[in-house]
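Novice: Residue numbers (our numbering), protein chains in the order written: chain S, 35 to 252; chain G, 128 to 178; chain U, 7 to 248.
If you are wondering where the hints come from, they were derived from the structure by calculation, not from laboratory data. The reader is advised that the hints may include incorrect statements.
[Unchecked claim] Listed next, the stretches of chain U that the computed footprint assigns to chain G, with coverage defined by at least 3 CB atoms under 8 angstroms from CB atoms of chain G: (1) 55-64; (2) 67-76; (3) 80-93; (4) 131-141; (5) 236-245.
[As the list claims (entries may be wrong)] From the derived model, a few chain U residues whose C-beta atoms are all more than 10 angstroms from chain G: (6) W10; (7) A13; (8) N14; (9) L41; (10) T114; (11) I117; (12) A128; (13) A148; (14) D155; (15) A159; (16) S171; (17) R178.
In this text, a Cβ means the ideal position worked out from N, Cα and C, and glycines have one as well.
Residue-level listing of the chains:
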Amino acid sequence: MKALLIRDLKLAFRAGGGFGLGLAFFLIVTVLVPFGVGPQSELLARIASGILWLGALLACLLSLDRLLALDWEDGTLDLLATSPLPLEAALSTKALAHWLTTGLPLVLASPVLGILLNLPGAGYFWLVISLLLGTPALSVIGIFGAALTVGVKRGGLLLSLLVLPLYVPTLIFGAEAARRGAAELDPTTPLLMLAGITAGTIAVMPFASAAALRVNLR
Amino acid sequence: MPDLGKYADAVLSAYGVSSLLLLLLVIFTLRKGRAARQALEDVEKRSKTNG
Amino acid sequence: MSLWEYANPVRFLNLSARVLPVFWGLAVACLIVGLIWGFFFTPDDFRQGSTVKIIYLHVPSAMMAINAWVMMLVASLIWLVRRHHVSALAAKAAAPVGVVMTLIALFTGAIWGQPMWGTWWAWDPRLTSFLILFLFYLGYIALWEAIEDPDTAADLTSVLCLVGSVFAVLSRYAVNFWNQGLHQGASLSLDKEENVADVFYIPLLVCIAGFVLLFIALVLYRTGTEIRLRRTRALQAREGRA
Numbered sequence: 035m036k037a038l039l040i041r042d043l044k045l046a047f048r049a050g051g052g053f054g055l056g057l058a059f060f061l062i063v064t065v066l067v068p069f070g071v072g073p074q075s076e077l078l079a080r081i082a083s084g085i086l087w088l089g090a091l092l093a094c095l096l097s098l099d100r101l102l103a104l105d106w107e108d109g110t111l112d113l114l115a116t117s118p119l120p121l122e123a124a125l126s127t128k129a130l131a132h133w134l135t136t137g138l139p140l141v142l143a144s145p146v147l148g149i150l151l152n153l154p155g156a157g158y159f160w161l162v163i164s165l166l167l168g169t170p171a172l173s174v175i176g177i178f179g180a181a182l183t184v185g186v187k188r189g190g191l192l193l194s195l196l197v198l199p200l201y202v203p204t205l206i207f208g209a210e211a212a213r214r215g216a217a218e219l220d221p222t223t224p225l226l227m228l229a230g231i232t233a234g235t236i237a238v239m240p241f242a243s244a245a246a247l248r249v250n251l252r
Numbered sequence: 128m129p130d131l132g133k134y135a136d137a138v139l140s141a142y143g144v145s146s147l148l149l150l151l152l153v154i155f156t157l158r159k160g161r162a163a164r165q166a167l168e169d170v171e172k173r174s175k176t177n178g
Numbered sequence: 007m008s009l010w011e012y013a014n015p016v017r018f019l020n021l022s023a024r025v026l027p028v029f030w031g032l033a034v035a036c037l038i039v040g041l042i043w044g045f046f047f048t049p050d051d052f053r054q055g056s057t058v059k060i061i062y063l064h065v066p067s068a069m070m071a072i073n074a075w076v077m078m079l080v081a082s083l084i085w086l087v088r089r090h091h092v093s094a095l096a097a098k099a100a101a102p103v104g105v106v107m108t109l110i111a112l113f114t115g116a117i118w119g120q121p122m123w124g125t126w127w128a129w130d131p132r133l134t135s136f137l138i139l140f141l142f143y144l145g146y147i148a149l150w151e152a153i154e155d156p157d158t159a160a161d162l163t164s165v166l167c168l169v170g171s172v173f174a175v176l177s178r179y180a181v182n183f184w185n186q187g188l189h190q191g192a193s194l195s196l197d198k199e200e201n202v203a204d205v206f207y208i209p210l211l212v213c214i215a216g217f218v219l220l221f222i223a224l225v226l227y228r229t230g231t232e233i234r235l236r237r238t239r240a241l242q243a244r245e246g247r248a
């Protein structure tokens, strides 16, 4: 498992691994929003947490289709399926690697982008906390979508169509927690719900992903 | 025709849109079904004449 | 003779050929009677005026939009557990019907909402849930279309249907929570079930029966179509080899 994790991380950091792409995308979305809605700082402050959550979600989505596709093409997935490591564990590891290379950098970058959007001072802490709790769920759900569409040629669009509705609960609770934090309200309830969803998806989704991947490898 | 009052547009368009959608669904379903039946008959006939 | 006998495609086709005319007839009869009754012979609501007549389309289609998904879920489970092809194809056949039902519910809802709430669309929990359900339907159909091998497609869509059901329920609760958080106290209840008078209730029941029967007829017919399409493909493949 460790070897797989290290391999995935190394591949992601190598040139052409697409490590920075998600971050760059996140940055661009955040920069584009004020162009779309106008530069009034109080409006931006109100929607900042939602924009940042949405940007993080889209950046995560963008990196999904290379999550399994490359390993599928060069046959790594077949090897993984025949290895003694259960496929569920292998996919969990890959999700962890995806989170470390995509989710975590997004979480760390979000306060900086928060400044651009004039996020109120109270919001930074809760934004980071909610993203930290929520992005693992995005990775685990994403790997399920990737496992479903791995056999489809040019499945990127299909992948988005499948995964986005599954992101709805995470987005609602995550953005709500960040919004309440920024408005100096109590964000405990949505944070707890968000944590529950993340814990639940981490526990259950690898089985669904492995089932889908086994069908595709048949 | 009942008097629909000032909401006539709303009610009529709701009925219109719904019946249009249902009708389209039924028509497409029937057309596809007929085509499938025809295709199957063709193939079965051919496979019989060929032995 | 058990229910599983009809998992055999030929038996299924024979049965559906026998019962389909009955279902078509009853569906059309119920719909015509229910809708004409509702449209021409029910009084206006004193508050909502004539817009109350939209209920005869809105409520049945909304019910069927959810029921269609539940039926797909059950069919998917049967396919995953017992590997009956008819079951997988029935799930595939039901999806477009579910989409149309969802669309009708959304459209009639918007048309009804315009005069009543002054807006075509409000991010009310129920409306939002239906929009999400619509997205789930789209994803499900897109996945069926994208995969060529029929058994793989059946497996993957079944898994998606199971996972999607869990997430659809989650979204329903999330949306409830989210909207309360957004505007406190503003409640737009679409559920007229409790305060509907008998004058409206009986034609509504007839319409619901009509929609249910129409759904059954459409799904039976479409499943038959899918079976024939697959058999055609199998025969063509055999010809290609010969």
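Novice: Checking the smallest CB distance to chain G, is T114 of chain U really beyond 10 angstroms?
Specialist: violated, 5 angstroms
Novice: Check the non-interface label on L41 of chain U: least C-beta distance to chain G beyond 10 angstroms or not.
Specialist: violated, 8 angstroms
Novice: Cut-off 8 angstroms, C-beta pairs, minimum 3 residues; does the coverage of the segment 131-141 of chain U by chain G stand?
Specialist: violated (count 0)
Novice: Is the Cβ of A159 of chain U more than 10 angstroms away from each Cβ in chain G?
Specialist: Non-interface label on A159 of chain U holds, nearest chain G Cβ at 17 angstroms vs cutoff 10 angstroms.
Novice: Compute the least Cβ-Cβ separation between A13 of chain U and chain G, then decide whether it is above 10 angstroms.
Specialist: At about 20 angstroms from chain G, A13 of chain U clears the 10 angstroms cut-off, so the statement holds.
Novice: Report holds if the minimum CB distance from R178 of chain U to chain G is greater than 10 angstroms, and violated otherwise.
Specialist: Check passes; 24 angstroms lies beyond 10 angstroms.
Novice: Given as covered by chain G, does the segment 80-93 of chain U meet the bar of three residues or more with CB within less than 8 angstroms?
Specialist: violated (count 0)
Novice: Over 10 angstroms from every CB of chain G: does W10 of chain U meet that, or does the non-interface label fail?
Specialist: holds, 25 angstroms
Novice: When I compare C-beta atoms, does the segment 236-245 of chain U have three or more residues closer than 8 angstroms to chain G?
Specialist: holds (count 6)
Novice: Examine each Cβ of chain G, and state whether all of them lie more than 10 angstroms from the Cβ of N14 of chain U.
Specialist: holds, 17 angstroms
Novice: Has the segment 55-64 of chain U got at least three residues whose CB is nearer than 8 angstroms to a CB belonging to chain G?
Specialist: n = 7 at 8 angstroms, threshold three: holds.
Novice: Is it the case that A148 of chain U keeps its Cβ farther than 10 angstroms from each residue Cβ in chain G?
Specialist: Label holds. Min Cβ-Cβ 18 angstroms, cutoff 10 angstroms.
Of the numbered hints stated above, those contradicted by the structure are hints 2, 3, 4, 9, 10 and 11, listed in ascending order.
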